[in-house]
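J.: Each chain is listed here by its residues.
Number of protein chains: 2
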Amino acid sequence: MKCLKCGRPAVFHMRHHKLALCEIHYPEWFVKQTERAIQKYRMFDPGARVLIAVSGGKDSLALWDVLMGLGYAVHGLYIDLGIDWRHKGGIDYSSVSREKVVQFAATRPEARFTVVDVAAEYGESMPQAAQRIRRGRDKPCSICGLIKRHVMNRVARDGDYDVLVTGHNLDDEAAALFGNVLHWKTGYLARQAPVLPAQGEGLVRKAKPFCRLYERETAAYTLIAGIDYVYAECPYAIGATSLRYKETLSQMEHQAPGTKLQFYLGFLRARKEAFFRERAEGVTLTPCHNCGQPSSAPDLCAFCRLWER
Amino acid sequence: MKCLKCGRPAVFHMRHHKLALCEIHYPEWFVKQTERAIQKYRMFDPGARVLIAVSGGKDSLALWDVLMGLGYAVHGLYIDLGIDWRHKGGIDYSSVSREKVVQFAATRPEARFTVVDVAAEYGESMPQAAQRIRRGRDKPCSICGLIKRHVMNRVARDGDYDVLVTGHNLDDEAAALFGNVLHWKTGYLARQAPVLPAQGEGLVRKAKPFCRLYERETAAYTLIAGIDYVYAECPYAIGATSLRYKETLSQMEHQAPGTKLQFYLGFLRARKEAFFRERAEGVTLTPCHNCGQPSSAPDLCAFCRLWER
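If you read the protein sequences in the order shown, they are chains W and E.
Count along the first sequence from 1, then add 656; that gives the number in my numbering.
Count along the second sequence from 1, then add 656; that gives the number in my numbering.
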């Protein structure tokens, strides 16, 4: 197969776009797609101060790379959750991930980032807090999400950033949408979007520039761009429902290329046409009495309740 | 496993309901579920004149059986579409199906039904009409649906029936919903419901009393009730997208029993809470100049355009 732009051997073929590109034109296309999404969904302006949440995985490192290449003022945030599976014969996941972020930044003079060590700042790692709260009944994923959302918003507010970006790709967004639709989580459906505007002073603006790019497209970019990242899934994610949904969607994508993209874009269209009522509007947020971040609870936010003994 | 009601050996186990029943209590439960759906969704009153579309398959024959058993005034309608695959080494599908309907009615003195032979009444069988219109480009399923909807509504109107019922089961409804959601067919989503009220004089009321019952539940009922039916799928349905969706949903059901039921009931809840805007309301229907049935087209309805040369 040949590159559609220059006729040289193609390195990557996208069946859903009927498009094959070479190692020069694929990264070009990928960067342009990212920029288009930023503009189309009015995610942020060229002069914006951007905070990017980086996990050490392929998506966030690729996004960081692309945003710096496009000339955005972007600062990294790595949240060390203290996930360590050496006692179960696994890897020290958080340390390995952190090292990938450090290595990535070391090869790019303009890359700057902040590390928030959850155990050091709050007295317990994420797994310790989850163990205390849930007593091992469930996966810690919901508590992990709560901690990450809180810390990301705190750092973005404290640093006066205009927008917080994450590396969520199309596969992530389609799987989340799939779960929300299967259970008709109407509140989540109303709020799932490529960009979430700031809410008052409290909640910073959020954007997902990779929301229309397939996971294999970000993987191909990191390969060609020579970005090293943590390959392993988070050990707690093994068997997670979201991974099952990803598998199901990938099967359907295989049978009908473009399924994920159509599913997600069709949803955005239905959303834009106000097919859904904006249920999210009805929620009143007040500042948490402890940390000051907005919360739907009357006194302490869920994050601060987490650390209460 | 034992019957939850009487302790005798169970013949059927429903994982999603954590319920196992014997050959006496399963049919009882099945009939009660059907009656509950009729009442819950206010499908029709005890004294209603009911027209049931019967295909010769398990669902419509089971529904006919249950409705007669419950004492409803129900009349059958078999539409002979002229589907015959003997030239391809298959079966004379429409004749075999018709024979199942005839046999079923022969063993029930109160069963009465009407046959509409499409080729005899309109000059061409469904496959012939589809071949002429689509020239073999596509499956004839959409034209088949158009013909069935027209004939069902015509017979229901001419016979002054209060409601038209079909044997659509949960698997059918969940698969249709799945397809509508994957492509965000918002118009179809707004109109997918267990009961569709009549629209003016033109469109008769429609109801699906089996919409909360799994396909394997109707299959188990026919087995225990000794109802013989056509086992084969319609030869044109092989490879249809709706069958792919059914497979995907069945895989998910296997991994998480109750998936289909939750998906469908969650949708009905979201629908009831007016989560969706009622887009269907915006469509204006006027009588077709030829047949008088309501149509969104200004002069001839799609059915009458089908037979225009």
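Note that these hints are calculated values from the structure, not bench results.
Source: prediction; values computed, not measured.
Glycine included, each C-beta is placed from N, C-alpha and C at the ideal position.
Hints are not guaranteed to be accurate.
Unchecked claim - Dumping the calculated DSBU-like pairs for lysine-lysine here, alpha-carbon to alpha-carbon at most 35 Å:
1) W:LYS902 - E:LYS674
2) W:LYS841 - E:LYS674
3) W:LYS902 - E:LYS661
4) E:LYS928 - W:LYS928
5) W:LYS658 - W:LYS674
6) E:LYS928 - W:LYS902
7) W:LYS696 - E:LYS841
8) W:LYS841 - E:LYS928
9) W:LYS658 - W:LYS902
10) E:LYS674 - W:LYS795
11) E:LYS688 - W:LYS928
12) E:LYS928 - W:LYS696
13) E:LYS928 - E:LYS661
14) E:LYS902 - W:LYS928
15) W:LYS795 - E:LYS928
16) W:LYS661 - W:LYS696
17) W:LYS928 - E:LYS795
18) W:LYS928 - E:LYS674
19) E:LYS902 - W:LYS674
20) E:LYS744 - E:LYS928
What the hints assert, rightly or not - Rough simulated footprint, nothing fancy, chain E against chain W, three-plus residues with beta-carbon under 8 Å:
21) 822 to 830
22) 839 to 852
23) 900 to 907
Said to hold, decoys possible - Pair ranges (Cβ atoms, derived):
24) E:GLU684 - W:ARG671: 28 to 38 Å
25) W:ARG692 - E:PRO913: 38 to 48 Å
26) E:GLY914 - W:ALA893: 18 to 28 Å
27) W:THR763 - E:ALA896: 51 to 61 Å
28) E:LEU675 - W:GLY895: 19 to 29 Å
29) E:PRO913 - W:HIS945: 36 to 46 Å
30) E:GLY895 - W:HIS672: 56 to 66 Å
31) W:LEU899 - E:ARG692: 29 to 39 Å
32) E:ASP773 - W:ARG698: 55 to 65 Å
33) W:LEU899 - E:GLN855: 43 to 53 Å
34) W:LEU956 - E:LYS661: 21 to 31 Å
35) E:ALA893 - W:GLU929: 27 to 37 Å
J.: None of the hints should be skipped; say for each whether it holds.
T.: Going through the hints against the structure:
Between the alpha carbons of LYS902 of chain W and LYS674 of chain E the distance comes to roughly 28 Å, so the proposed pair stays at or under 35 Å and holds. Proximity of LYS841 of chain W to LYS674 of chain E is assessed by CA-CA distance (about 24 Å); at most 35 Å being required, the pair is judged to hold. At roughly 40 Å between alpha-carbon atoms, LYS902 of chain W and LYS661 of chain E are farther apart than 35 Å, so this suggested pair is violated. Taken as a hint, the LYS928 of chain E and LYS928 of chain W pair is honoured in the structure, with Cα atoms around 21 Å apart against an allowance of 35 Å.
Between LYS658 of chain W and LYS674 of chain W the CA atoms are separated by roughly 12 Å; this keeps the pair inside 35 Å, and the hint holds. A hinted pair counts as satisfied when its Cα atoms are at most 35 Å apart, and LYS928 of chain E with LYS902 of chain W qualifies at roughly 29 Å. The straight-line distance between the Cα atoms of LYS696 of chain W and LYS841 of chain E is roughly 23 Å, inside the 35 Å bound, and the hint therefore holds. Of the supplied pair hints, the one linking LYS841 of chain W and LYS928 of chain E holds, its CA atoms being roughly 14 Å apart against a limit of 35 Å.
As the CA atoms of LYS658 of chain W and LYS902 of chain W are separated by approximately 30 Å, the hinted pair is consistent with the 35 Å bound. Annotation: proposed proximity of LYS674 of chain E to LYS795 of chain W holds, straight-line Cα distance about 24 Å (limit 35 Å). Using a Cα cut-off of 35 Å, the hinted pair LYS688 of chain E and LYS928 of chain W is violated, with the two alpha carbons roughly 42 Å apart. Simply put, LYS928 of chain E and LYS696 of chain W have alpha-carbon atoms about 34 Å apart, close enough for the 35 Å limit, and the pair holds.
For the given pair, LYS928 of chain E sits about 34 Å from LYS661 of chain E by alpha-carbon distance, which is consistent with the 35 Å threshold. At most 35 Å may separate the alpha-carbon atoms for a hinted pair to count; LYS902 of chain E and LYS928 of chain W meet this at roughly 29 Å. Distance check on the hinted pair: LYS795 of chain W and LYS928 of chain E sit about 33 Å apart at the alpha-carbon level, within 35 Å; holds. Only pairs whose Cα atoms come within 35 Å are accepted, and LYS661 of chain W paired with LYS696 of chain W is accepted, the gap being roughly 24 Å.
At roughly 33 Å between alpha-carbon atoms, LYS928 of chain W and LYS795 of chain E fall within 35 Å of each other, so this suggested pair holds. The hinted pair formed by LYS928 of chain W and LYS674 of chain E fails the criterion: a straight-line CA distance of about 41 Å is larger than 35 Å. Distance restraint check for LYS902 of chain E and LYS674 of chain W: the Cα-Cα separation of roughly 28 Å lies within the 35 Å cut-off, and the hinted pair is therefore satisfied. With a C-alpha separation of about 47 Å, the suggested pairing of LYS744 of chain E with LYS928 of chain E is violated against the 35 Å cut-off.
Remark: the region 822 to 830 of chain W is not confirmed as covered by chain E, as 0 of its residues place a Cβ nearer than 8 Å to a Cβ of that chain, below the required three. With 3 residues having a Cβ less than 8 Å from any Cβ of chain E, the region 839 to 852 of chain W passes the three-residue criterion, so the hint holds. Evaluation of the coverage hint for the region 900 to 907 of chain W: fulfilled, as 3 residues show C-beta separations to chain E shorter than 8 Å, against a requirement of three. Between GLU684 of chain E and ARG671 of chain W the beta carbon distance is about 52 Å. The supplied range of 28 to 38 Å is therefore violated.
Look at ARG692 of chain W against PRO913 of chain E: about 43 Å separates their beta carbons, and that is inside 38 to 48 Å. The hint said 18 to 28 Å for the Cβ distance between GLY914 of chain E and ALA893 of chain W, and at roughly 23 Å that hint holds. Against the hinted window of 51 to 61 Å, the Cβ-Cβ separation of THR763 of chain W and ALA896 of chain E comes to about 52 Å, which satisfies the hint. Separation of LEU675 of chain E from GLY895 of chain W is about 27 Å and conforms to the stated range, judged on CB atoms against 19 to 29 Å.
Remark: the range hint 36 to 46 Å for PRO913 of chain E to HIS945 of chain W is upheld by a beta-carbon distance near 43 Å. Roughly 21 Å separates the CB atoms of GLY895 of chain E and HIS672 of chain W, a value that falls outside the hinted 56 to 66 Å. About 37 Å separates the C-beta atoms of LEU899 of chain W and ARG692 of chain E, a value consistent with the hinted range of 29 to 39 Å. In this structure, ASP773 of chain E and ARG698 of chain W meet the distance hint of 55 to 65 Å, their C-beta atoms being roughly 59 Å apart.
Separation of LEU899 of chain W from GLN855 of chain E is about 45 Å and conforms to the stated range, judged on CB atoms against 43 to 53 Å. Remark: the range hint 21 to 31 Å for LEU956 of chain W to LYS661 of chain E is contradicted by a beta-carbon distance near 49 Å. For the pair ALA893 of chain E and GLU929 of chain W, the supplied restraint of 27 to 37 Å holds, since their beta-carbon distance comes to about 32 Å.
Hint compliance for this structure: hints 3, 11, 18, 20, 21, 24, 30 and 34 are broken, all remaining hints hold.
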